[in-house]
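As you go down the protein sequences, you meet chains H and X in turn.
The first sequence begins at 4 in our numbering and counts up by one.
The second sequence begins at 125 in our numbering and counts up by one.
Hints are supplied without guarantee of correctness; some may be wrong.
Simulated pairs of lysine to aspartate or glutamate, EDC-like, Cα-Cα distance not exceeding 16 Å [unchecked claim]: (1) K313(H) x E271(H); (2) K289(X) x E90(H); (3) K256(X) x D124(H); (4) K353(X) x E255(H); (5) K415(H) x D288(H); (6) K325(H) x D439(H); (7) K127(H) x E252(X); (8) K416(X) x E203(X); (9) K256(X) x D130(H); (10) K17(H) x D77(H); (11) K397(X) x E203(X); (12) K289(X) x E271(H); (13) K281(X) x D334(X); (14) K626(X) x D558(X); (15) K221(H) x D439(H); (16) K408(X) x D348(X); (17) K303(H) x E339(H); (18) K127(H) x D202(H); (19) K205(X) x D77(H); (20) K205(X) x E271(H); (21) K263(H) x D348(X); (22) K140(H) x E260(X); (23) K389(H) x E339(H); (24) K668(X) x D431(H); (25) K67(H) x E36(H); (26) K24(H) x E90(H); (27) K358(X) x E203(X); (28) K262(H) x E203(X); (29) K256(X) x D126(H).
If you are wondering where the hints come from, they were derived from the structure by calculation, not from laboratory data.
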Amino acid sequence: MPILSTEEAQAILKKALSYSKADECTVTLGGSEGGNIRYARNAVSTAGDVSQMSLGVTSSFGKKSGSATINEFDDASLQKVIKRAEELASLAPENPEYMPLLGPQTYLESVAFKPATAAMDPDKRADAVAKSLNVAKEGKLEAAGFLENTAGFNAMLNSKGLYGYNKNTDVSFSVTLRNQAGTGSGYVDKSYNDVAKLDTLALTRIAASKANGSAGAKAIEPGKYTVILEPLAASDMLSNLMNGFDARNADEGRSFMSKKGGGTRLGEQLFDPKVTIYSDPLNADLPGATWSPDGRPVTKTVWVDKGVVKKLAYSRYWAQQKNAEALPPANRVIVEGGTASLENMIKNTEKGILVTRFWYIRNVDPQTLLLTGLTRDGTFYIENGKIQFPIKNFRFNESPVIMLNNVEELGKPERTGNMIVPPMKIRDFTFTSLSDAV
Amino acid sequence: MKRKDFLQMSAMGLGALVIPRSFLLGNPIDPLQAINEGIDVSVKKQLADAALSAAKARGATYADVRIGRYLNQVVATRENKVQGVANTESFGVGIRVLANGCWGFAATNNVTTASLAATAERAVAVAEANAKIQGEPVRLAPQKGYGEVSWKPPIQKNAFEVPVKDKVDLLLSANAIAMQNGANFVNSNIFAVNEQKYFASTDGSYIDQDIHRIFPTFTVTKIDQANGKFDTRKALSSPMGMGYEYLEPLASAKVPGIVTRYGMRYDMLEDIKAATAEVAQKNKAKSVEPGKYDLVLDPSHLWLTIHESVGHPTELDRVLGYEANYAGTSFLTLDKWQGKNFAFGSKLVNVVADKTQEGSLGAVGYDDEGVRCKTWDLIKDGVLVNYQAIRDQAHIIGLEESHGCCYAQSWADVQFQRMPNVSLQPGKEKRSVDDLIKNVEKGIYIIGDGSFSIDQQRYNFQFGGQTFYEIKNGKIAGMLRDVAYQANTREFWNSCTDIADKSDYRLGGAFNDGKGQPSQSNAVSHGSATTRFNGVNVINTARKI
Chain H
4 MPILSTEEAQ
14 AILKKALSYS
24 KADECTVTLG
34 GSEGGNIRYA
44 RNAVSTAGDV
54 SQMSLGVTSS
64 FGKKSGSATI
74 NEFDDASLQK
84 VIKRAEELAS
94 LAPENPEYMP
104 LLGPQTYLES
114 VAFKPATAAM
124 DPDKRADAVA
134 KSLNVAKEGK
144 LEAAGFLENT
154 AGFNAMLNSK
164 GLYGYNKNTD
174 VSFSVTLRNQ
184 AGTGSGYVDK
194 SYNDVAKLDT
204 LALTRIAASK
214 ANGSAGAKAI
224 EPGKYTVILE
234 PLAASDMLSN
244 LMNGFDARNA
254 DEGRSFMSKK
264 GGGTRLGEQL
274 FDPKVTIYSD
284 PLNADLPGAT
294 WSPDGRPVTK
304 TVWVDKGVVK
314 KLAYSRYWAQ
324 QKNAEALPPA
334 NRVIVEGGTA
344 SLENMIKNTE
354 KGILVTRFWY
364 IRNVDPQTLL
374 LTGLTRDGTF
384 YIENGKIQFP
394 IKNFRFNESP
404 VIMLNNVEEL
414 GKPERTGNMI
424 VPPMKIRDFT
434 FTSLSDAV
Chain X
125 MKRKDFLQMS
135 AMGLGALVIP
145 RSFLLGNPID
155 PLQAINEGID
165 VSVKKQLADA
175 ALSAAKARGA
185 TYADVRIGRY
195 LNQVVATREN
205 KVQGVANTES
215 FGVGIRVLAN
225 GCWGFAATNN
235 VTTASLAATA
245 ERAVAVAEAN
255 AKIQGEPVRL
265 APQKGYGEVS
275 WKPPIQKNAF
285 EVPVKDKVDL
295 LLSANAIAMQ
305 NGANFVNSNI
315 FAVNEQKYFA
325 STDGSYIDQD
335 IHRIFPTFTV
345 TKIDQANGKF
355 DTRKALSSPM
365 GMGYEYLEPL
375 ASAKVPGIVT
385 RYGMRYDMLE
395 DIKAATAEVA
405 QKNKAKSVEP
415 GKYDLVLDPS
425 HLWLTIHESV
435 GHPTELDRVL
445 GYEANYAGTS
455 FLTLDKWQGK
465 NFAFGSKLVN
475 VVADKTQEGS
485 LGAVGYDDEG
495 VRCKTWDLIK
505 DGVLVNYQAI
515 RDQAHIIGLE
525 ESHGCCYAQS
535 WADVQFQRMP
545 NVSLQPGKEK
555 RSVDDLIKNV
565 EKGIYIIGDG
575 SFSIDQQRYN
585 FQFGGQTFYE
595 IKNGKIAGML
605 RDVAYQANTR
615 EFWNSCTDIA
625 DKSDYRLGGA
635 FNDGKGQPSQ
645 SNAVSHGSAT
655 TRFNGVNVIN
665 TARKI
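Here chain H stands alone, though its shape is the one from the complex (with noise of 0.2 Å):
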């Protein structure tokens, strides 16, 4: 059973420590369990089981450091792991930007563990997608898809006494139905910490009748045009955009976020009023880790305020030389929003493009974070406040931090994989070419 308690991991972590000589070790424990399914042709095509656990340990000399891990947890094992990471600390070139480690900390209590969702077994897992190979066979479409289900765990404990436990679980859904003809395609694809919220059906059904309705898409001019984004469209274009937080990369002027002539744009206007961006690993949808994996707190930080940069996340290296905080990047977002639903926003557009989603986004130019994609499973032309016809999809060409500033509107957000975003409407967003695709 690799999901361990609190005082379980403590323990092997404990007798593990005991055995180091180092001037500086951390003993890091983590486990892991899971299935999945996938399927294709309204078919199951593969699904597995998987299961593990395993101990690193990270040991320092002075400013030398070593790492290994192992998968075994009897004594000896750990007497030799924590040997191994010694030996290869004592060959190590010395870090000039090593830091010592962080004493005891107080953490958050994480919320991301739901017993249901470490629960699924390859039956659970077989009914839910039965549910939606239903749908795409009373539809007559054609489904493929992928449900997985993951529990975790991961704790640290170091020789200055800092301690951290974290354990979590994750179900997500996918589904792409596509016509006999190949004409129409649609999906969805949602993520939930609680398996109690996931409903193969109903998400199913969304994907069936995009695929019908995106059946028959006419060709448009490619131009600049007002899109309205889906929640997984707008997080498809936000998902590399917290990178650019990095306070180093932007202070050695390499980043969207560094400022010409030297420095950052720390307290900058940088994006529209409208905007505000935060993390928070409290969040009932979207909650995340307490701890950094170097062992500093998480705790909920705003990086946009009204469109102003308010933090830039720094290692605790770089945060000494620039005298910072040493704020732990964010690694899951929230987008604030308004309380406009998708249908509403589509009621006031004049003359627009509703998006389902992207792929294949690429960046073109990390200078501008210019990215490159497609639009893919439903892309619908509006003209007033109506769907009027489905639309070829399009390739575009644009800058997430260009976007973020030509918003109109915000509606209601919403979780979508590791971000919780809202229905976004952007004036001027830059389409390049037609693709034929489906």
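Fit chain X to the known structure of chain H by using the hints.
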């Protein structure tokens, strides 16, 4: 699992590095342990037989067992600092079974006969649970057992036996050259992979293989603080299915030209000097005027266009819809193959799939479902003639046997159809790069791979590069910046008008090509000689924020 391992690596101070995802799947170990001999073949056979017997006793009609030891090493530096040295090892067993006509898979890192028998039973239970919602039963192409066989590539120097110090010295020497020549920042890395794989199946095969890959690379960054611009130039190295000998420079493996490019050996110190000079030029280069250009594409660039626009659409699992929910499907539907006259490209375009080419990333003796590897045509004289198929797909395209291109990234992942090497054959007539360029009136010569994006059916793509040289009236007229080209796959390959001969043929490759859910990475090479494409749409990617 993946996230947990990532957190663990991050806790060890390596989280900030750009490490390919597959490197995070294993556990860090010490370098000396990495070169220990694996377990004896006779022991592996005993373990495998225990699993196969248990699977059969529990009702499996077919079973295969993969006992794998996967070693990775990364040495990462920036400027004058070593950021991290990590060795990871992952050892365990994956068992795949067919029961009630449905696949089941289970994996464990507890490698004892009792545990493997229990894991085999777990795999059968997964198959049985899913058989309830299965469509047509799986049909496997017949495969004769090979008995006890083994395969190793002809590497000259096992990268795991080269001291870490030698690698650190090389990378820091390269970094010093960049910094002395005016770079603002430089990152450099060496990645090494060793897959020790044992495969056994109820067909009667017991296959022991030892596979090696290496990828040295760097990125040089130059900043013009006054205008707020920064540029980078990546290494012109390629990931290879080779040992450390790839890093030993050899004059005969160098291709001279506007910048030196590399074949089966790489000179990192030479390339980083060139890169530092080029990145400074790139800073001051002219921004491209958008429009139609004839493109002359170096193999260090073209491999990625081949990968995305030929390699992926000819994967049969995509064609059939197995990847519809993730990577997508393919415009090369079965009717285009059945018609035997679908003009994928111009008559010059011949593309071969291959799992045997020496030094390539795809080369193995046998694939991960026990099929001996081979070479076959995908595009012949411009016409689509075949796909990439594995055992449970072969019957769909009338094949008697699999193409032998099944792969799993580790013991913990289930094997499935993965891309073999997919290579554009060089021109048959004697043609040099200069011969190609001298006929171009208005064009761009592109070296190195950059940004890449293609739609889910592989029609519309956009590619960047590392360096772009303007061609005017048959001559190189200086460097350009902000270049990307967009095209439709079929129009692009039909605009292919000139290919250099085999003396210019080189491999590029992807160390971590992603596909599948959960996503798995695959390493694959793509060979080509410098090739010309006419009238391609070029856009300008510069923006102001």
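How the hints compare with the structure:
no.: 1; hint: K313(H) x E271(H); in the structure: 8 Å, holds
no.: 2; hint: K289(X) x E90(H); in the structure: 15 Å, holds
no.: 3; hint: K256(X) x D124(H); in the structure: 15 Å, holds
no.: 4; hint: K353(X) x E255(H); in the structure: 12 Å, holds
no.: 5; hint: K415(H) x D288(H); in the structure: 14 Å, holds
no.: 6; hint: K325(H) x D439(H); in the structure: 51 Å, violated
no.: 7; hint: K127(H) x E252(X); in the structure: 13 Å, holds
no.: 8; hint: K416(X) x E203(X); in the structure: 40 Å, violated
no.: 9; hint: K256(X) x D130(H); in the structure: 9 Å, holds
no.: 10; hint: K17(H) x D77(H); in the structure: 13 Å, holds
no.: 11; hint: K397(X) x E203(X); in the structure: 14 Å, holds
no.: 12; hint: K289(X) x E271(H); in the structure: 45 Å, violated
no.: 13; hint: K281(X) x D334(X); in the structure: 13 Å, holds
no.: 14; hint: K626(X) x D558(X); in the structure: 14 Å, holds
no.: 15; hint: K221(H) x D439(H); in the structure: 10 Å, holds
no.: 16; hint: K408(X) x D348(X); in the structure: 9 Å, holds
no.: 17; hint: K303(H) x E339(H); in the structure: 14 Å, holds
no.: 18; hint: K127(H) x D202(H); in the structure: 13 Å, holds
no.: 19; hint: K205(X) x D77(H); in the structure: 36 Å, violated
no.: 20; hint: K205(X) x E271(H); in the structure: 33 Å, violated
no.: 21; hint: K263(H) x D348(X); in the structure: 9 Å, holds
no.: 22; hint: K140(H) x E260(X); in the structure: 14 Å, holds
no.: 23; hint: K389(H) x E339(H); in the structure: 26 Å, violated
no.: 24; hint: K668(X) x D431(H); in the structure: 14 Å, holds
no.: 25; hint: K67(H) x E36(H); in the structure: 34 Å, violated
no.: 26; hint: K24(H) x E90(H); in the structure: 11 Å, holds
no.: 27; hint: K358(X) x E203(X); in the structure: 15 Å, holds
no.: 28; hint: K262(H) x E203(X); in the structure: 23 Å, violated
no.: 29; hint: K256(X) x D126(H); in the structure: 10 Å, holds
Violated hints for the displayed structure, listed by number in ascending order: 6, 8, 12, 19, 20, 23, 25 and 28.
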